[in-house]
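Novice: Sequence:
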Amino acid sequence: MTVIASVSVTMKLRLRKINFIRNGGELLKQRKVQIFTEAELAKATNNYNDSNKLNDDHSSSVYGGVIGRDTVVVVKKPKDEHKSTIRQDFQDELEFLMGRSHKNMVKLKGICLETKIPLLVYEYIPNGTLFQHIHRNTSTILKSWEDRFRIATQAAHALDYMHSGAKPPIVHGNIKSANIPLDKKNSVKISDFWNFGTHITRA
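Under full-length UniProt numbering, the residue at position 87 of the sequence shown is numbered 87, and the numbers go up by one with no gaps.
I should point out that these hints are in silico values taken from the structure, not numbers from a laboratory.
Among the hints, erroneous ones may be present.
Below, computed lysine to any residue pairings styled on SDA-like, alpha-carbon distance capped at 20 Å [to be verified]: (1) K116 to H135; (2) K107 to K167; (3) K107 to N137; (4) K185 to S101; (5) K79 to K143; (6) K107 to K143; (7) K185 to T71; (8) K116 to V72; (9) K107 to R148; (10) K107 to H172; (11) K176 to H135; (12) K79 to N49; (13) K185 to K116; (14) K103 to T129; (15) K143 to K167; (16) K184 to H172; (17) K77 to K103; (18) K77 to Y48; (19) K176 to H133; (20) K184 to N127; (21) K53 to K167; (22) K53 to V33; (23) K79 to G128; (24) K77 to Y122; (25) K109 to K143; (26) K184 to T129; (27) K107 to N55; (28) K107 to N49; (29) K103 to E123; (30) K77 to K116; (31) K176 to H58; (32) K103 to K79; (33) K103 to A42; (34) K43 to N127; (35) K184 to D160.
Source: prediction; values computed, not measured.
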């Protein structure tokens, strides 16, 4: 049993190394992006426990977690690593986010390259989504026309950057109030721009 367990551990470590290389780990080491291990993210999300799940769609699940003492993050995990379309979606998303940012877009904090498809780690936006505030009777964020205009303008600026300013541009394809989180200052942080028709526009 000890020999079998040892072989199993060795194979898992070898597979993680293969995935790391296949996903461009050596190249990404040179970029300013934090690389997390598979074990770190599993621990942060309590092994992807359902109680940590924030969102679910046709291609991925999104989990909240804590790395270290108090770094709250969001981890995006594919549902089926063997579907070529899902792999391409994740690759497109990573390609777009590497080295690009906008103050009104959710920021990529890091990646895990030890899995077949990279796991993407985002900043956590704590103040709910625009959808929740629209439908929450107790919310005061949208009571003034000034705040409504500010939120609409920030969302428009982020989309303009994605569609026209970024090189290559990316088409959101799924913009809705549920995909517009608000941070502690009630500023827009566009998210979920990898689903339902999103694609990198290439020459």
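Novice: Does the structure keep K184 and H172 at a Cα separation of 20 Å or less?
Specialist: Status violated; Cα separation ~24 Å.
Novice: Just to be careful, I want the Cα atoms of K79 and K143 compared with a cutoff of 20 Å; is the pair within it?
Specialist: violated (39 Å)
Novice: Given the hint that K107 pairs with N55, test it: the Cα-Cα distance must not exceed 20 Å.
Specialist: Holds, at about 17 Å.
Novice: Taking only the CA atoms, is the gap from K116 to H135 under or equal to 20 Å?
Specialist: violated (39 Å)
Novice: Hinted pair, alpha-carbon criterion (20 Å max): K77, Y122. Please report holds or violated.
Specialist: holds (12 Å)
Novice: Are the Cα positions of K184 and T129 separated by 20 Å at most?
Specialist: holds (12 Å)
Novice: Given the hinted pair K143 and K167, is their Cα-Cα distance within 20 Å?
Specialist: violated (37 Å)
Novice: Keeping to a limit of 20 Å between CA atoms, is the pair of K79 and G128 held or broken?
Specialist: Violated: K79 and G128 sit about 24 Å apart, past 20 Å.
Novice: Is the hinted pair K53 and K167 satisfied, with a Cα-Cα distance of at most 20 Å?
Specialist: Violated - the C-alpha atoms of K167 and K53 are around 32 Å apart, more than 20 Å.
Novice: Tell me if the straight-line CA distance from K184 to N127 falls inside 20 Å.
Specialist: With Cα atoms ~6 Å apart, K184 and N127 stay inside 20 Å; holds.
Novice: Checking one constraint from the list: CA of K109 to CA of K143, max 20 Å. Satisfied?
Specialist: violated (33 Å)
Novice: Going straight from one Cα to the other, do K53 and V33 come out at no more than 20 Å?
Specialist: violated (24 Å)
Figure legend: structure checked against the earlier numbered hints; hints not met, in rising order: 1, 3, 5, 6, 8, 9, 13, 15, 16, 17, 21, 22, 23, 25, 28, 32, 33, 34 and 35.
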